[in-house]
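Asks: Residue numbers (the working numbering), protein chains in the order written: chain A, 68 to 374; chain B, 6 to 425.
Hints were generated in silico from the structure; no laboratory data involved. Yeah, the Cβ is synthetic: ideal placement off N, Cα and C, and Gly gets one too. Certain hints may be false.
[To be verified] To give an idea of the chain A side of the interface with chain B (calculated C-beta under 8 Å), a few residues:
#1 S82
#2 G126
#3 R128
#4 Y224
[Claimed, not checked] Chain A residues, not near chain B, derived (Cβ > 10 Å throughout):
#5 H121
#6 A174
#7 G176
#8 P192
#9 N228
#10 D232
#11 A276
#12 T298
#13 M325
#14 F336
[Claimed, not checked] Short derived list, chain B residues pointing at chain A, Cβ under 10 Å:
#15 G95
#16 S344
#17 Q372
#18 T411
#19 A413
#20 V415
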Amino acid sequence: MFMTRQQASRGRGRSALSKVESRQALGFMSPALVGLALFTIVPVGLSIVMSLFHWPAFGDRSFAGLGNYETLFTQSPDFWPALRNSAVFTLLYVPANLVVALGLALALGPRIRGRGAFRVLFFIPVVTPIVANALVWKMLLQPQGLFNGVSMTVFGYELPNFLADQNWAMIMVVVMSVWQGMGYNMLIFSAALEQLPAPVVEAARIDGAQGVRMLRSIVLPMLSPAIFFATVMTVITALQVFAQPQLLTGGGPGNATMPLVQFIYNQGFRFQDLGLAAAAAWVLFVLIILLTAFQFRAQKRWVHYEH
Amino acid sequence: MRIPQAVSVSTAALAVLALTAACGSGGSGSSGDASSTIVWDMWAGSQSDIDALEATLEIVRTENPDLEVELQTAPWNDYFTKLTTNLSSGNMACVTSMNGQRLSGYASAFEPLTDADLETAGIDPADFTEGSLDIMSYDGDLYGIPYDVAAMMVYFNKDLLAEAGTPDPELDWTFDDFEATAQGATTDTHKGFAVGMGEFQWMALPIALSGKQPVDESGALALTDPDFEAAASWYAELVTVDEVASPAPSASDTGWGENEYAAGNAAMAVDGTWNAVSYLDNETGFAAGMTNLPSGPAGNTALVLGSGYGIAKDCEDKEAALKVLGSLVGEAAQDEIASSGRSYPARVSSQPLYFESLDESVRDDVQAAFDAAFANVEGQRSTSDWDQVNTALQPSLVSVYNDQATMADVLAQVQQQFGQ
Numbered sequence: 068m069f070m071t072r073q074q075a076s077r078g079r080g081r082s083a084l085s086k087v088e089s090r091q092a093l094g095f096m097s098p099a100l101v102g103l104a105l106f107t108i109v110p111v112g113l114s115i116v117m118s119l120f121h122w123p124a125f126g127d128r129s130f131a132g133l134g135n136y137e138t139l140f141t142q143s144p145d146f147w148p149a150l151r152n153s154a155v156f157t158l159l160y161v162p163a164n165l166v167v168a169l170g171l172a173l174a175l176g177p178r179i180r181g182r183g184a185f186r187v188l189f190f191i192p193v194v195t196p197i198v199a200n201a202l203v204w205k206m207l208l209q210p211q212g213l214f215n216g217v218s219m220t221v222f223g224y225e226l227p228n229f230l231a232d233q234n235w236a237m238i239m240v241v242v243m244s245v246w247q248g249m250g251y252n253m254l255i256f257s258a259a260l261e262q263l264p265a266p267v268v269e270a271a272r273i274d275g276a277q278g279v280r281m282l283r284s285i286v287l288p289m290l291s292p293a294i295f296f297a298t299v300m301t302v303i304t305a306l307q308v309f310a311q312p313q314l315l316t317g318g319g320p321g322n323a324t325m326p327l328v329q330f331i332y333n334q335g336f337r338f339q340d341l342g343l344a345a346a347a348a349w350v351l352f353v354l355i356i357l358l359t360a361f362q363f364r365a366q367k368r369w370v371h372y373e374h
Numbered sequence: 006m007r008i009p010q011a012v013s014v015s016t017a018a019l020a021v022l023a024l025t026a027a028c029g030s031g032g033s034g035s036s037g038d039a040s041s042t043i044v045w046d047m048w049a050g051s052q053s054d055i056d057a058l059e060a061t062l063e064i065v066r067t068e069n070p071d072l073e074v075e076l077q078t079a080p081w082n083d084y085f086t087k088l089t090t091n092l093s094s095g096n097m098a099c100v101t102s103m104n105g106q107r108l109s110g111y112a113s114a115f116e117p118l119t120d121a122d123l124e125t126a127g128i129d130p131a132d133f134t135e136g137s138l139d140i141m142s143y144d145g146d147l148y149g150i151p152y153d154v155a156a157m158m159v160y161f162n163k164d165l166l167a168e169a170g171t172p173d174p175e176l177d178w179t180f181d182d183f184e185a186t187a188q189g190a191t192t193d194t195h196k197g198f199a200v201g202m203g204e205f206q207w208m209a210l211p212i213a214l215s216g217k218q219p220v221d222e223s224g225a226l227a228l229t230d231p232d233f234e235a236a237a238s239w240y241a242e243l244v245t246v247d248e249v250a251s252p253a254p255s256a257s258d259t260g261w262g263e264n265e266y267a268a269g270n271a272a273m274a275v276d277g278t279w280n281a282v283s284y285l286d287n288e289t290g291f292a293a294g295m296t297n298l299p300s301g302p303a304g305n306t307a308l309v310l311g312s313g314y315g316i317a318k319d320c321e322d323k324e325a326a327l328k329v330l331g332s333l334v335g336e337a338a339q340d341e342i343a344s345s346g347r348s349y350p351a352r353v354s355s356q357p358l359y360f361e362s363l364d365e366s367v368r369d370d371v372q373a374a375f376d377a378a379f380a381n382v383e384g385q386r387s388t389s390d391w392d393q394v395n396t397a398l399q400p401s402l403v404s405v406y407n408d409q410a411t412m413a414d415v416l417a418q419v420q421q422q423f424g425q
């Protein structure tokens, strides 16, 4: 009896104390919580509501149900091309970025003198403002630009008008994006390469592994967590691409390089149809979530976390 | 035990207060108390633009000592995006500047001005250039008062023309003269003409040639009108067939023709009267000249364009806003704009000051060109989604100039998208 009562009172005491503590904790958390609610949760919730309304930038709003989604998939002349462009960009950009970044990281291996300086050089495009990058690339690529000038004087051959040609424009957006983004992944791969466990590498060497064999059987499997991380992040940034096509090609010619985010921007801020823009944003969100979930599923097959 | 609780509650309350205060200070638009501040929203690209606006603002403040007036600016390219954002958050400035070509898309956000309103503002419509109030009108209602009027002109580079041995274009020339000049001025190193990407930078010539606007009298989009389509195709062929102009390298080069001309890479380009002074003072250092649009078999169709100031529909202190509006387009402010050479004023009495601000060597030529450009202008017709039509057209123009699509196809496609 006594024991139980004591236990009970202690239990009561603890629960009273934990109540107070959680209230205090709430007090400490509230600035962050309010910020999160105001700047993240409310806008996200609002964007769901928006996507269900005819929501012009100004004027009367009306409930549309799934009307915006229906418009996107069945009527909007630019939505499918934008989806296609985002897919093409991602399919070209992600592998190219990873291969180039990995290649650079391997090339700037431990035996290269001044590799720190090289890494800084390759990282510079990541930190320079993208507007400046795009302007320089535009100057290189236009018919009066450097590339065509060199080609004309050296080979007498006129290059295509890269940014205005339906087929070349997307390739050039990808090339510029790879140049801009490779430094970041290179740094991740370099860091991972520096941390390859020496015993494993040494054991492989003693077993006679060299060159391609070493790369395929030892280095790549050991790097797989870094490659996985880089892939997930790069796919997400590829699907969110906006600045490069906006600045380099303006989404043109026609809509040949307009990705989904530019479509959203145009709908929302140039055509003033915020409802349609919100709906397209949710399509993009679902796409990113599904692709990321798929990658996490698939990682079991090829990512090795054990050392 | 009570103290921590009080602390936790007050922390939360403080945080909420701080955040709401932070949010509240962002919106200084139309909301305000009795002694409210009237915000004047205007585009400005550089410090010199802002300085000029500050000078106008000083005039407004002097004329309305009892009112608080504030200026808010954004560069031209961002102005309309920012305006859209302000509109969707209910923060439209009481006095908002609007470009006549874009008014149709924003008309519902502006307060229609009545005769009584004009009286409050001290504005007499008769003081303004004939037809200029049409610039700020849409669907029969007046939504603002113009501060400048503009027309499209052909600018030419006298040095390049002389180098190629081609005579300068003269006033009241024809499309045959235009073609001859463009061909004569095209050499291995530079082109005779530069095609435009902006709406009237490219449409002005097809409109002049066909005598048709891309919006018909009933207000319906008429991009596929056979005459307009033929004239637009002729325009594209200046690049693809006649090769007197270079194709635009990218759809993001929205000022292609004007930039080529300003850089001295092309002998001629079409642009508005608003850039006359900047071309005369060009940094490249060539001698610039200007003349009106050429006339064709269908006559000489030119549009009167311009910008003005309107009152936001949800402005709380409409009377104060009207007074500010009255000062902004008043004689002193218009004289200021004209004598700085920044814009050709809408107020007739201020217009001579514009020419007086120019260098004596070009003054008479410019005045003659302006007189010719503004003779027989007609109001621009617009649809409610006119801005979107141009947004959709622009990236496709690049394909046309690069011979990957025909003008007819592009016009038909946009007509189909926006024509209903």
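Asks: Could you run down the list of hints and mark each one as holding or not?
Replies: Tested hints:
1. At about 14 Å, the closest approach between the beta carbon of A/S82 and any beta carbon in chain B exceeds 8 Å, and the interface hint on this residue is violated.
2. At a threshold of 8 Å, the smallest CB-CB gap from A/G126 to chain B is about 5 Å, leaving the interface hint in force.
3. At its closest, the beta carbon of A/R128 sits 10 Å from a beta carbon of chain B; the interface hint therefore is violated under the 8 Å criterion.
4. The beta carbon of A/Y224 comes no nearer than 18 Å to any beta carbon in chain B, farther than 8 Å, and the hint placing it at the interface is violated.
5. Even its closest Cβ contact with chain B, about 13 Å, leaves A/H121 beyond 10 Å, as expected for a residue assigned away from the interface.
6. Consistency note on A/A174: stated as away from chain B, and its beta-carbon is indeed over 10 Å from all of that chain's, at 33 Å minimum.
7. The beta carbon of A/G176 is kept farther than 10 Å from every beta carbon of chain B, the shortest such distance being approximately 39 Å.
8. Against the 10 Å criterion, A/P192 stays outside the reach of chain B, whose nearest CB is about 19 Å from its own CB.
9. The claim that A/N228 is not at the interface with chain B is violated, since a C-beta of that chain comes within 10 Å of its own (minimum 6 Å).
10. Not every Cβ of chain B is farther than 10 Å from the Cβ of A/D232; the closest lies at roughly 7 Å, contradicting the non-interface assignment.
11. Look at A/A276: its CB is around 49 Å from the nearest CB on chain B, clear of 10 Å, so calling it non-interface holds up.
12. The non-interface label for A/T298 is consistent with chain B: the shortest C-beta to C-beta separation is roughly 30 Å, beyond 10 Å.
13. At roughly 8 Å from the closest C-beta of chain B, the C-beta of A/M325 falls inside 10 Å, breaking its exclusion from the interface.
14. A Cβ of chain B approaches the Cβ of A/F336 within 10 Å, the least distance being about 5 Å, so the stated non-interface status is violated.
15. The closest approach between the C-beta of B/G95 and any C-beta of chain A is roughly 8 Å, which is under the 10 Å cut-off, so the hint is satisfied.
16. The closest approach between the C-beta of B/S344 and any C-beta of chain A is roughly 36 Å, which is over the 10 Å cut-off, so the hint fails.
17. For B/Q372, the interface hint is violated, since its Cβ never comes within 10 Å of a Cβ in chain A; the closest pair sits about 36 Å apart.
18. Interface hint at B/T411: violated, since its Cβ lies 12 Å from the closest Cβ of chain A, which is beyond the 10 Å cut-off.
19. Annotation: B/A413 was flagged as interfacial toward chain A, and the flag is violated, the nearest CB pair being 15 Å apart, outside 10 Å.
20. For B/V415, the interface hint holds, since its Cβ comes within 10 Å of a Cβ in chain A; the closest pair sits about 8 Å apart.
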